[in-house]
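K.L.:
Generate coordinates for the entire structure from the input sequences, incorporating the hints supplied.
So the sequence shown is numbered by numbering that gives the first Met the number 0: it starts at 0 and just counts up by one.
All the pointers check out, no bait thrown in.
Label-pair distances were calculated between CB atoms; the ranges are: (1) N75 with M0: 55 to 61 Å; (2) I9 with T42: 17 to 23 Å; (3) Q73 with N26: 42 to 48 Å; (4) I20 with L46: 15 to 21 Å; (5) L35 with R74: 44 to 50 Å.
Simulated from the structure, these hints should not be mistaken for laboratory data.
In this text the structure is predicted, and so the values were computed from the model without any measurement.
Every residue gets a Cβ at the ideal spot worked out from N, C-alpha and C, and that includes glycine.
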Amino acid sequence: MELIRDIKKIYANYNFKTQIIVASVRNPMHVVNAALIGADIATIPYLVIEQLIKHPLTDIGINRFLEDFKKIPQRNNAK
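P.N.:
The following block contains the structure:
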């Protein structure tokens, strides 16, 4: 990621009008670092995208929400 940071600085120094694409992303931290550096585009494998959105606390929160929703009395709107 240091290389991307250097390239971005060089482009800024010379006012180049271009976008930076980060490739060979292998884990979620690569995505985070690319964003922090200011990359314009990142090619991200599906597995890494899944890892970015998967978190144990998210699963717990969703399960709690679903259990709470089941406790709400349902109205019968059929006519």
